[in-house]
Amino acid sequence: METVLSGLATGFGVALHPLNLSLVMIGCFAGTLIGALPGLGPINGVAILLPIAYGLGLPPESALILLAGIYYGAEYGGRISSILLNVPGDASAVMTTLDGHPMALKGQAGRALSLSAVASFFGGTLAVILITMFGPLLAAFAVTFSPADYVALMVFAFASLASLVGKSMVKTLLGALIGLMLATIGIDANTGVPRYTFGLPDILAGIDFLIVVVGLFGMAELLHLVEQQVAGKLKSLPVDKTFVRMKDLALAKWTILRSSLIGFFIGVLPGTGASVASAVAYGTEKRAAGVDGEKFGTGDVRGLAAPESANNASAGGAMVPMLTLGIPGSGTTAILLGALLMFNVQPGPLMFEQRPEIVWGLIASMYLGNVALLLINLPLVGLFARVLTIPQRYLTPLIAILAFIGIYSIVGNPFDLYLITLLGVFGWILRKLDFALAPVILGFVLGSLFEDNLRRALSISGGDWSILVGDWKSVSLYILALVVVAVPIWMARRARKAAQAAAGSERM
Amino acid sequence: MADRIFAGVLLIVTLAYGAIAFTAISAPFQYDPLGPESWPRILAVVAFLCGLGILFRPDVQGLGVAKPTWVRLVAMLVLLLAYAELYEPLGFIASTFLFAAVVSVMLGARVHHAAFFGVAAGGLGYLLCVVLLELNLPEPAILEMDWAQSDSVDDDAAPDAPADTTPADTTPADTTTETTTDEGGTD
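Sequence order for the protein chains is A and B.
According to the working numbering, the first sequence is numbered sequentially starting from 224.
According to the working numbering, the second sequence is numbered sequentially starting from 4.
No lab work stands behind these hints, which were simulated from the structure alone.
Treat the hints with care, as some may be off.
As the list claims (entries may be wrong) - Partial list, computed: chain B residues near chain A (C-beta under 10 Å): (1) Asp-6; (2) Ile-15; (3) Leu-18; (4) Ile-23; (5) Asp-62; (6) Ala-87; (7) Met-109; (8) Leu-110; (9) Val-114; (10) His-115; (11) Ala-118; (12) Val-134.
Backbone N, C-alpha and C define an ideal beta-carbon position, used for all residues, glycine too.
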């Protein structure tokens with residue numbers, strides 16, 4: 224408890240510094256704006272703005288505070304386009320459209336927006352409180368992890384990724400493998416042997432993380448926008464004067480609490496982020512409502528509150544494994560983790576001791592950011608709603624311009640501009656083939672960590688592979704990995720059987 | 004089908020990746036049980052199995068992209084590559100103006116709106132990024148040569164109109180020709 228309090232004191236000291244405080248505000252504002260733009264989600268926003276934030280020469284904690292603000296700000300903003308346009312900003316906002324848009328159609332857009340802002344605030348704040356309490360404990364435990372345990376942790380991370388993200392397990396795994404293979408390019412740090420460089424000096428140090436990120440999440444998204452471009456103009460519903468009532472909050476309070484907890488824990492699971500969290504929370508609430516669940520999908524306040532509190536809580540939850548284990552909890556935190564590595568900060572359990580200003584500064588900034596978002600979002604929602612009407616024909620070139628500025632300003636190498644364009648094409652093809660892109664970036668970020676720990680573990684044992692299952696920590700992680708893979712398969716099979724049985728009885 | 008083609012390409016890449024891992028990569032001397040080649044070998048084997056899995060059980064039939072969309076996508080790609088090509092020779096302001104204007108016209112904006120948007124993107128972008136945030140963006144090649152010759156050492160990043168030094172006799176001719184081809188070819 225004492226460490227928590229002193230940590231928080233350090234953190235608020237950092238976060239209340241005028242520069243960082245203004246970065247929290249800028250990040251939250253920009254994040255909400257990006258989230259509100261139809262088609263752009265948190266991961267795209269962070270990816271496009273990361274090189275620019277890097278180019279500004281900020282200290283690591285300030286850059287992280289800014290990027291994290293964009294991250295959870297975009298989770299807030301995503302609801303605006305979902306509610307007013309029925310177009311989700313990204314996968315995590317899909318569930319918000321189900322009940323949010325019907326409410327707006329009924330002339331209650333203001334009520335829906337303010338209710339979801341409050342739900343988001345509770346989800347986000349509860350997540351930060353949980354991080355504050357359990358983060359240091361988990362980090363203290365994770366310090367005892369041996370290299371072999373880390374290998375097991377990675378296996379668990381990729382197992383939960385494969386089973387919970389994307390449509391096809393094989394494709395998600397293959398996506399992660401593509402990321403891992405990309406990460407092997409460059410000089411091997413242990414022996415100095417160049418791998419897959421083909422004599423090109425440009426990639427001796429490996430493929431630049433920023434280029435992969437901007438290519439896969441900026442340029443690919445741009446091509447996706449061009450492909451999806453609709454001829455007509457999207458019609459935004461007006462924001463009216465209705466506002467959230469106490470009755471709504473009273474009705475939705477348990478929903479918000481449950482969904483926040485669900486969102487947080489799904490966020491903590493490595494690799495699974497807001498989209499899974501909001502879907503699970505929505506499904507759970509619909510079932511929990513019983514007969515009342517029929518009303519879900521027609522503008523029920525609980526159906527709106529559940530996914531919103533869950534996706535904001537998961538954004539916080541995803542920070543936990545990043546800060547304590549050095550393993551990202553979602554695609555976006557994978558980018559944040561890569562950003563830390565660029566600043567020569569090794570994320571992991573030791574960060575709480577060695578770089579408290581980064582960890583606690585980030586945590587403290589999230590308290591401030593959530594309050595700021597609530598304050599920004601309630602009165603200014605009309606302004607953000609106007610952003611929705613920015614035509615795609617201006618938005619699309621803007622993404623490319625921002626991406627080019629960011630990438631060029633790092634080292635001023637025009638070759639990189641071709642590289643991000645080609646990676647964008649690759650990412651677009653992957654997306655068209657139902658591959659999720661988040662596993663690729665997770666694999667890329669975790670590649671060297673995974674390999675190093677495997678090699679270290681085997682060096683310790685002198686080449687004996689049984690060290691990998693040598694202690695209870697790694698064994699239990701492997702068991703967890705099996706559970707995470709097996710349970711969804713088993714549940715799907717059961718659901719299919721139940722459906723068959725139901726169909727059979729109907730026929731009779 | 005699209006899945007199969009992609010899986011096939013990926014299998015070939017994986018095979019090449021694996022072949023390099025199993026033959027070419029090796030450390031001259033090492034004491035650790037796992038060398039630089041072991042990890043790529045593991046990855047190659049697992050990726051090969053996954054690729055085979057998709058080859059035998061594909062689930063995406065086609066890309067489902069209509070012909071006009073393909074045209075738009077390819078045009079976008081060409082424009083992006085042209086933007087990258089002209090980024091340094093023309094400098095940020097001019098290349099961004101061209102790119103922003105042409106793309107927005109292609110996506111359906113009126114010409115004068117697009118021109119205004121281009122000016123705004125180039126001008127404001129420059130002011131914001133170079134003057135305010137002091138990021139490094141390319142100057143037009145002609146001006147840059149000027150500065151190199153005038154040899155002023157001030158790193159003060161206030162890139163106002165350069166002094167009245169006459170352009171050097173070695174003006175890169177290719178910038179002008181490239182501009183014209185771009186305007187003619189992409190619209």
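Against the structure, the hints come out as follows:
no., hint, verdict
1, Asp-6, "holds, 6 Å"
2, Ile-15, "violated, 14 Å"
3, Leu-18, "violated, 12 Å"
4, Ile-23, "holds, 7 Å"
5, Asp-62, "holds, 6 Å"
6, Ala-87, "holds, 4 Å"
7, Met-109, "holds, 8 Å"
8, Leu-110, "holds, 4 Å"
9, Val-114, "violated, 12 Å"
10, His-115, "violated, 14 Å"
11, Ala-118, "violated, 13 Å"
12, Val-134, "violated, 13 Å"
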